[in-house]
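Enquirer: Going down the list, the protein sequences come from chains A and C. For the first sequence, the residue numbers in the working numbering are 1 to 157. For the second sequence, the residue numbers in the working numbering are 1 to 221.
Hints should not be assumed to be uniformly reliable.
What the hints assert, rightly or not - Quick look at which bits of chain C chain A covers, simulated, 3 or more residues with Cβ under 8 Å:
| id | segment |
| --- | --- |
| 1 | 3-17 |
| 2 | 52-61 |
| 3 | 74-85 |
Stated by the list, open to error - Part of the chain C face toward chain A, derived, beta carbon under 8 Å:
| id | residue |
| --- | --- |
| 4 | K88 |
| 5 | Q91 |
| 6 | A103 |
The set of hints was computed from the structure by calculation and includes no laboratory data. In this text the structure is predicted, and so the values were computed from the model without any measurement. All C-beta atoms in this analysis are idealised placements derived from N, C-alpha and C, irrespective of residue type, glycine included.
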Amino acid sequence: MPQTIVILGCGRVGSTLAKQMSGEGHDVTVIDLTSDAFRRLGNKFKVHRLVGSGLDQDLLKRAGLERASAFIAVTQGDNSNIMAAQIAREVFHVERVVARIYDPIRAQAYRELGITTLCTTTLAAGLIHDSALGEGQGEALLQASQTWDKVYLEQRC
Amino acid sequence: MYVIVVGGGKIGYYLTKQLLTEGHEVLLLEKDRRRQSAMAEQLGEVVMQGDGCEVRIMSEAGFGRADVIVAVTGDDEDNLVICQMAKKNFQAPRTVARVNDPANMVLFDKLGIDTTVSSTQIIFNLLEQQIEPGEIIPLGALKNGNIEVVAINVSERSPVLGQTIQDLRLPGNALIISVVRSDNAMIPQKDTRFENGDSVIAMVVAEEEPQLRHIFAEAHS
Chain A
1 MPQTIVILGC
11 GRVGSTLAKQ
21 MSGEGHDVTV
31 IDLTSDAFRR
41 LGNKFKVHRL
51 VGSGLDQDLL
61 KRAGLERASA
71 FIAVTQGDNS
81 NIMAAQIARE
91 VFHVERVVAR
101 IYDPIRAQAY
111 RELGITTLCT
121 TTLAAGLIHD
131 SALGEGQGEA
141 LLQASQTWDK
151 VYLEQRC
Chain C
1 MYVIVVGGGK
11 IGYYLTKQLL
21 TEGHEVLLLE
31 KDRRRQSAMA
41 EQLGEVVMQG
51 DGCEVRIMSE
61 AGFGRADVIV
71 AVTGDDEDNL
81 VICQMAKKNF
91 QAPRTVARVN
101 DPANMVLFDK
111 LGIDTTVSST
121 QIIFNLLEQQ
131 IEPGEIIPLG
141 ALKNGNIEVV
151 AINVSERSPV
161 LGQTIQDLRL
171 PGNALIISVV
181 RSDNAMIPQK
191 DTRFENGDSV
201 IAMVVAEEEP
211 QLRHIFAEAH
221 S
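Produce the entire structure from the sequences given, and follow the hints as far as they go.
Expert: Shown next as structure tokens:
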């Protein structure tokens, strides 16, 4: 079923997610501080674009956060992601809120406060560790990585 | 009292200086190395370089034994995280955050920050108090609600002059709680008649404030 999704941050991760989710038929809005960042989206996919701060509650409202089923915070700033995620949860009561956090300690703290945080630092280190040492799910991870790369390449225009 | 101030901008600098003068133990934490050394020349050893959002730095700075943590960096999101991490990881008894966007005051309150200060809001309130009679002057807001307590001055040009409270078509969520006349505050009755120079104190839900304003607004000549 198509969902309404709001993504904060149109960097590599944000734009990749936006294109993928839009391609799957979801209603996607991306917010970024600069309109330049939207170049990453190309023009193959229908993605709503909004220039401004993801910490501005009026802007988040315009982005449709009130009816969004998911909010994803993937800006470069851990603290911006943390604050935006808390606004999404506490003010707009979004069902699923995911924040990418580089600092593992902050990721852990806010996970305990009820936000789904993904620490890509420890995640990447763990994945690289397993594939370098041929341990754990090393082989399966490499395959997963290839699958996601393929999805990414298919989206390119 | 041991106070940790995070953010060495102008507010952080003068706040630290004043706290030191009053004999408190203070530590000022500034991320930028150049700013930190410039301020250390003025204030001495109390200025430490480091990112106040990093738990390692927080431990070194002694967040665990601080009586108050004051976050006054220029970024609302940093001030929020500093205070929340201080509460969560160091059980800080009291946190104070500065916000630039007044809309964040309610949010920070909800997210467990003890005190939130908005210089934007303070300046705005001061400006509102200097506007002409007939306009609404905010006196305060009820915590956790959107009800405001406001004062409205009645002048000779006011449309309510000579009318009684029951004559007014007040918005549904507004209540006149007092009329101050020649320095005497009265509990108003429905037949209280407005006179020139009255100060009307009312409680009103924020959304209906414009309607209240409209009733008392002066006809501009």
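Enquirer: Could you run down the list of hints and mark each one as holding or not?
Expert: Taking the hints in turn, this is what the structure says about them:
Counting residues of the segment 3-17 of chain C whose beta-carbon sits less than 8 Å from any beta-carbon of chain A gives 0, not enough to reach three: the coverage restraint is violated. With a cut-off of 8 Å between beta carbons, the segment 52-61 of chain C has 3 residues touching chain A; three or more are needed, and the interface restraint holds. With 8 residues carrying a beta carbon less than 8 Å from a beta carbon of chain A, the segment 74-85 of chain C meets the three-residue requirement, and the given coverage holds. For K88 (chain C), the suggested interface contact is upheld, since its CB lies about 5 Å from the closest CB of chain A, less than 8 Å.
Residue-level restraint check for Q91 (chain C) is violated (minimum Cβ-Cβ distance to chain A is 13 Å; threshold 8 Å). Taken as an interface hint, A103 (chain C) checks out: its beta carbon lies about 6 Å from the nearest beta carbon of chain A, inside 8 Å.
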